[in-house]
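Please model the complete structure; the sequences and the hints are all you need to start from.
Protein chains: 2
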Amino acid sequence: MALGEFDLIRKYFTRPTPKAVLGVGDDCALLRPRSGMQWAVSCDMLVEGRHFLSTVRPERLGHKALAVNLSDLAACGATPVAFMLALALPRVDEDFLAGFAQGLFGLADEHGIELVGGDTTAGPLSLCITVFGEVPTGLALRRDGARAGDALWVSHPPGGGIGDARLALEVFRGHLALDGADFEAVRRAMEQPQPRVALGEHLRGVASAAIDLSDGLTGDLGHVLERSRVGATVAVDRLPIGPALARQPRALQRECALAGGDDYELLFTAPPDAADRVRAAAAAAAVGVQCIGRIDAEPGLRLLDDTGRALPRVPRGFDHFAGAAGG
Amino acid sequence: MALGEFDLIRKYFTRPTPKAVLGVGDDCALLRPRSGMQWAVSCDMLVEGRHFLSTVRPERLGHKALAVNLSDLAACGATPVAFMLALALPRVDEDFLAGFAQGLFGLADEHGIELVGGDTTAGPLSLCITVFGEVPTGLALRRDGARAGDALWVSHPPGGGIGDARLALEVFRGHLALDGADFEAVRRAMEQPQPRVALGEHLRGVASAAIDLSDGLTGDLGHVLERSRVGATVAVDRLPIGPALARQPRALQRECALAGGDDYELLFTAPPDAADRVRAAAAAAAVGVQCIGRIDAEPGLRLLDDTGRALPRVPRGFDHFAGAAGG
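Those protein sequences? They're chains A and B, same order as listed.
Heads up: the first sequence begins at 6 in the numbering used here, then just goes up one per residue.
Heads up: the second sequence begins at 6 in the numbering used here, then just goes up one per residue.
Be careful, since some hints might not be right.
If chains are identical, the list can't say which one is meant, so a pair holds when it fits in one copy or spans any two.
[Claimed, not checked] Under the rule of at most 20 Å between Cα atoms (straight-line distance), these lysine to any residue pairs were calculated in the SDA-like manner:
(1) K16 x R232
(2) K16 x E175
(3) K16 x A127
(4) K16 x H228
(5) K16 x L112
(6) K16 x G227
(7) K16 x E231
(8) K16 x Q107
(9) K16 x G111
(10) K16 x V97
(11) K16 x G54
(12) K16 x L181
(13) K16 x L174
Just so you know, these hints were derived from the structure itself, not from any lab.
In structure tokens, the structure reads:
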């Protein structure tokens, strides 16, 4: 017999919320902000077929749904505190829910955060998570702080790079084939990204601007440039590329790394004399960082290859209505 | 030519956010909690065909989407501060967006709150709003504060009642017909509910427990009874009934008022000596209130008609997976 909505919520999504004043099960959750802290809030909606494929394992979907939201907190240098989950399901599917909850709470526990409320309803599979974080007043990383002369940095997995999620998507789309180990590696990058929360925290007071890579490097960088009213030069051959993508043709490497999307690494700027502090932040967070260019006073984005030649075309970021428009 | 996602967001959903430290357009919004305040947060997801009909005017949908969330804040006695909107749209439809934004911001402006962020994506029409409110520490209305001997109250529109939204739904389902004026009145109740924010604020320190009526009176009352570990007796003939519903057979009146759902009135308890303070709160908020019963030490819910006879069956609240299960 199918469980009702309230039973479902209780069984899979009610857990202790010691940090909240009042957690799941009332009209609102009650949270107690700490003095001296600002609140960072963000929400992302994920729709089946658009943000994830029907073939994804529920554990990984639960992980990713929270990860993409934590990545927004990371980009602000905020420390995650709590989250809310709204879930539309076509039917009550306990196997799905059990797996989803396992992935979701696995990542939540890694970050010591609580599910404090939400909503469950029937509908086409989609989910919306809102995250709450805190950051000391005035120390949030923003998109509008990049200054001409700043160095441009991107984080990456230790021993890995950016663009792997896009490479995996190309395989799912049938555009190319990878051997089993390479496919498993890039598929994991797509389905189980690691939000760079610790790096964001360590970059408070170090980075001048930051954004997370969700729509592709050139598109996301464009947001920073626009908000900061500056331009940038990117050395495309300095982009960190992981082993699987490195075995692909150079044109595909560049497309995946520049316009891929779904990387959830941090793209950030820092004054040129802060390189040691950036590397120390990365070491403390156990992630890699690579300097990939600089911020210019002149507007616009310039891409240079390793011979110093300007690349003619800037791939655009992913637009959730227009589809991928990479070059 | 279709607008891209970022253009869409800018055109309809970017407005000044003077209260936020940082509003729409960064990875997170930054909010500055005031000292002495707790934060109340809630989110609701609305899916086409489940929470609203495809025939609803976009203006009313925009209103309702925010109203149901503000109603959760009202039930906690919280003062709304800000909200986030995640919107999945099957296609870029400017007429829809313009109307939706008009209804949404119309209600937001009534309550002096700001849209501080969100997400827009392609997908089956659904939306998820997260609201943030503040309430002085320790004064939030909760579900778990009802005590034996408390009076049970329900709010209602001046000159109106509860159950109208359910009556409208019965018309949309083809189960009955109403004359034009009655239909317009109950349709407006269904499509454009008024969240009882001012009443919730005035009930701080007066009400012992509160919940908003979203799933039907008996179902929502059940949540209060369960959390407070008490029972209740409801005098069903004291339920406030509006003019359109009053012209229907008594059995239908009771079903709509007891198990209707989508009322967004406040159901609350208060000590028996607080009746004058309850009426003063209602007067200050310009809404009606009706005492409809009492809280009992004995668990369970008892329904009595005006002759003192117990009604044999308690209609259940609405379950978003099981469908309406009213008796």
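Cross-check of the supplied hints:
1. K16 x R232: For K16 and R232, the Cα distance is within 20 Å only across copies (17 Å; inside one copy 44 Å).
2. K16 x E175: So K16 and E175 fail the 20 Å test inside a copy (37 Å) and across (32 Å) alike.
3. K16 x A127: The answer is within: 17 Å in one copy meets 20 Å, while 31 Å across copies does not.
4. K16 x H228: Close across copies (16 Å), not inside one copy (41 Å); limit 20 Å.
5. K16 x L112: For K16 and L112, the Cα distance is within 20 Å only inside one copy (19 Å; across copies 35 Å).
6. K16 x G227: between (44 Å within a copy, 19 Å between copies)
7. K16 x E231: Only across copies: K16 and E231 sit 17 Å apart there, 46 Å inside one copy, limit 20 Å.
8. K16 x Q107: within (12 Å within a copy, 39 Å between copies)
9. K16 x G111: For K16 and G111, only the intra-copy Cα distance (16 Å) is at most 20 Å; the inter-copy one is 38 Å.
10. K16 x V97: within (12 Å within a copy, 38 Å between copies)
11. K16 x G54: Neither: 27 Å inside a copy, 26 Å across copies.
12. K16 x L181: neither (42 Å within a copy, 38 Å between copies)
13. K16 x L174: neither (34 Å within a copy, 31 Å between copies)
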